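Participant: Protein chains in written order, with the working numbering: chain B, 2 to 404; chain Z, 2 to 404.
If you are wondering where the hints come from, they were derived from the structure by calculation, not from laboratory data. Bear in mind that the values here come from a model prediction, so they are computed numbers and not experimental data.
Simulated pairs of lysine-lysine, DSSO-like, Cα-Cα distance not exceeding 30 Å: (1) B:K381 - B:K356; (2) B:K6 - Z:K328; (3) Z:K6 - B:K321; (4) B:K328 - Z:K6.
One side only, chain Z facing chain B, incomplete, derived with CB under 10 Å: (5) G278; (6) T301; (7) E319.
Quick reminder that beta carbons are idealized off the backbone N, C-alpha and C, glycines included.
2 protein chains.
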Amino acid sequence: MAQIKIGLFGFGVVGQGIYEVLRKSVNANAEIVKICVRNPDKPRKTQADRALFTASADEILDNPAVNLIVEVIDDAEASYRIVKSALLRGIPVVSGNKTMLAHHLPELIDIQKQHNVALLYDASSCGSIPVIRNLEEYYDNDLLLEVKGILNGSSNYILSRVFDHHAGYADALRQAQELGFAESDPSFDIEGYDSLFKLVIITVHALGTYVAPERIFTYGISTIHDSDIRYAREKGVKIKLVAQVVKVSDEHFTMFVMPEFVSPSKYIYSVDDEYNGVVIRGECYDRQFMFGKGAGSLPTASSILSDIMARLHDYRYEYKKRNYLRKPDYTTDITLKIYARYRTTDIRRILRFEKICEQYTGEESNYVIGEIALSELLAKRPQLTGDDVFLANIPVFFLSRDN
Amino acid sequence: MAQIKIGLFGFGVVGQGIYEVLRKSVNANAEIVKICVRNPDKPRKTQADRALFTASADEILDNPAVNLIVEVIDDAEASYRIVKSALLRGIPVVSGNKTMLAHHLPELIDIQKQHNVALLYDASSCGSIPVIRNLEEYYDNDLLLEVKGILNGSSNYILSRVFDHHAGYADALRQAQELGFAESDPSFDIEGYDSLFKLVIITVHALGTYVAPERIFTYGISTIHDSDIRYAREKGVKIKLVAQVVKVSDEHFTMFVMPEFVSPSKYIYSVDDEYNGVVIRGECYDRQFMFGKGAGSLPTASSILSDIMARLHDYRYEYKKRNYLRKPDYTTDITLKIYARYRTTDIRRILRFEKICEQYTGEESNYVIGEIALSELLAKRPQLTGDDVFLANIPVFFLSRDN
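If we strip away everything but chain B, and leave its shape as in the complex, we get:
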């Protein structure tokens, strides 16, 4: 059986996790031959032989003994350069960089085909939950209708602290950072970009279509307020940051990332703390729910290990659904029912609602509940940046099929 010789890029939290996981895996038949980091002499928690380290990417890319690149660096631009270079040289790559993938997948898919080389990235979406692999291999048929879930552990941790432990938002965010769930710049997580990038990748494998991140409505949780939490509690629901891609007809699908009122009857209601949960809905099988640790050093590393071992058998994504005869097109021409809370920003002058269902004016804040086109939300997204505004999806509409 082939022996995997890994050139590892990055030795941060995930890189060190991979080093640990490979040591536990006597049957993996894989070893790290070189690790590229910015500063080989920086002291690290995980002890590894100094001779393994290099600061030169080429020392790995030019090494004929390396037959797999594992790339787990933070910097999306550097990740792109490394992954592309490796693939162009015909070296297969395992990557966990969702930002890079969400922006460059079409080109990287083309390169994979032209150079007959594999790029695997199951770890990029939901850590240890095998979402990509199952969408690619197991739900590789016409029955798939929807993938919906909580894809970001940090924001979910914060919301759990707020809802279940009555913590204040600022305290919850600080706790998440202390526990290492949130980045030092938390906006990536709490503004929904992390979920968005995962959703872009998932959609390629769910429906065979790439939609660029900037075309997708994304709204995070950073402006959530006590009044929103109180409102949700009164209604007996939780607020979760939800990413979803949904077939709305045979011809169209839609997708967006947005806080959502989640009722207790829904599977994702019980996805708390740093966990991720994904619901895959299809004709015939209804709903499948996958739940697990979505982030963290070892869960992510274990997912990378699954990709590494898949290379022992020359596994690659075939992107079969890109060749489907009837592929639905992306649309934002659907109607959502949303909750829009505001104070000084006059949300009623910004957003053109198709129908107002409820409105409330109070001393502390106001809200509107109404029906609105997703295209309208996307168009007005740049005007929805006020600290005094918070939006949440109320899943009743095209989602009235008990989503």
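Starting from the known structure of chain B, fit chain Z onto it as the hints suggest.
Facilitator: This is chain Z only, laid out in the frame that chain B set:
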């Protein structure tokens, strides 16, 4: 791309589901060319061209146009003959027959290797939940510690009626039969054999080892009594029929099927009605939970469809774990803590407990809670057939790792 030409054996609930599902799947590139049934002229709910039907197995096996056999008949012996014949002729097979597989897997694996032909059977375990495929492909490493779950929808439906809806056992069983969840002979489901056979198959893909069904302690729910339900309610737990395979050390694993007291903090606590739920636990990634419809015409058919489509890409199970360097051995030399309720059968004289923790004697029934070797339970299994006896696992021991 290859076109799949299917010879279908069986046109019962699942066979008709496959027929329906393939009609929905414009991209499946698969068609049924012949259907073998005992009586081609029997009227059926699903209308299909009479010319498709035959009563002759050879008419399919000898047909050079058929490049895939899909076998979904009830009769395990007939299933074995058909599957073996097809494989020996080099025709790949998709099968859903867990009874047949659980008894003949070692031979069928050998035939697959010798004749370089594929046998896929994801539908045999947990219907639409992709347990086998994920154990084979995604959790194909040394990190796996345990697979545990509710694998039988019928018995779970019955227990849900009893626990959540306060139905009597007999009523619940009748309801399950009316809804088509339970076989007309329900013993297969409620005595735990269905779960057992699935567990045998799962273990081959989880740990690479086949253990014959008769070597595994199996105890069902048919003798559950109001007093057991009352007891569980008082303790704030539910009784579920649970199948599990667990690594108990680097050198050993154990497995058994048995009712279990499940506390609300466990993932499987919320697996109700006809649903299945499986927890996959491993080093590094902790617990992954997969949940979905485990049985029924269309969920099972959708799983069969996934196997059919996998054949478009020549997918086969590699049974990689069978070649692991360090493979744990099966043991029953572990201690469980169990609840044993009885009335006339003197359970204390049959079972040699290592330690008695509690005992209760009442007018209606008695129970003992104690520690006992799994090997002792297995050895005494033939004596544990009394209608007045009910056993349940209390997961504290080797399962004290918060299973």
